[in-house]
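Novice: Protein chains in written order, with the working numbering: chain A, 1 to 96; chain B, 1 to 135.
Hint data in this document are derived by calculation from the structure and do not stem from the laboratory.
Take these hints with a grain of salt, some might be off.
[As the list claims (entries may be wrong)] The calculated lysine-lysine pairs, modelled on DSSO-like cross-linking and capped at a C-alpha distance of 27 Å, are:
| # | chain 1 | residue 1 | chain 2 | residue 2 |
| --- | --- | --- | --- | --- |
| 1 | A | Lys50 | B | Lys107 |
| 2 | A | Lys50 | A | Lys79 |
| 3 | A | Lys64 | B | Lys95 |
| 4 | A | Lys50 | B | Lys116 |
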Amino acid sequence: MLAGVFISMLVFVLAVLLPVQQTLQGFWTNAFYSRLYYKSLSYLEYARAKRENFTLTDEVFGRKVEVEGTYDPSTSKVKVVIDYGGGKVEREAYAP
Amino acid sequence: MRERPMLRKGFTFVELIFSLALAGLLIAFAYTTVRVVFNRFFSIYAHEISLNLFLSSLYSVNSLCTPTSASTSTLEFSCPGGCTYTYTYSDGVLKGGGCIFPSIRLKAFHSVKFSKDGNLYVVEVDGDRYYLSGI
């Protein structure tokens with residue numbers, strides 16, 4: 001009796017809960033990186049418009065990110081570094 | 001030696017009705033929970049797909065064109081060759097069209113606002129801000 005209940009629970013966890021959890025986690029991860037990609041473009045555009053050094057904090061899909069922007073007048077280039085906790089994303093562009 | 005009491009076989013009518021009612025309640029609760037969770041998930045999923053389509057379109061247009069004017073519900077880009085690409089948001093529907101870029105029509109956003117701050121253009125989608133430079 002107890003073995004039957006245990007096996008049923010194990011089958012339920014392996015066949016239903018685990019795939020559902022992995023699907024949701026995959027969706028959440030994809031959504032976060034997708035938003036981070038467009039946010040990085042957004043911060044770069046912000047840096048191009050400002051043309052000055054700046055730091056800001058923002059939230060991307062529920063996760064806090066720290067952005068550091070730098071402007072180099074000698075090369076007319078802006079650079080943003082986005083620290084999202086799990087790593088850093090760097091982007092660079094001209095700001096004529 | 002004492003005899004073990006016999007177990008009663010079958011259900012009484014009241015027990016049967018009570019069991020059926022309990023089973024019905026449990027099924028209704030499980031169905032409602034699953035339905036609410038799935039609806040919420042698919043609503044977020046639809047929003048993410050629409051947002052991706054919009055931002056992909058927005059930054060593609062911005063790669064060739066420059067934003068030139070913005071009102072609360074309209075954002076206009078000037079593209080090479082003198083043509084314009086315009087995004088408009090009205091009654092929950094976001095539309096984009098013009099010039100050589102594909103048109104777009106999306107419905108999954110609760111609010112979209114366009115604004116201008118110096119040479120910085122701001123697109124606010126459901127409270128999330130995306131920037132475009134006017135240079």
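Novice: Against this structure, judge whether each hint is valid.
Specialist: Status of each hint after checking the structure:
1. A:Lys50 / B:Lys107: 32 Å, violated
2. A:Lys50 / A:Lys79: 12 Å, holds
3. A:Lys64 / B:Lys95: Violated, because 30 Å separates the two Cα atoms, which is more than 27 Å.
4. A:Lys50 / B:Lys116: Distance of about 13 Å is within 27 Å: holds.
Violated hints for the displayed structure, listed by number in ascending order: 1, 3.
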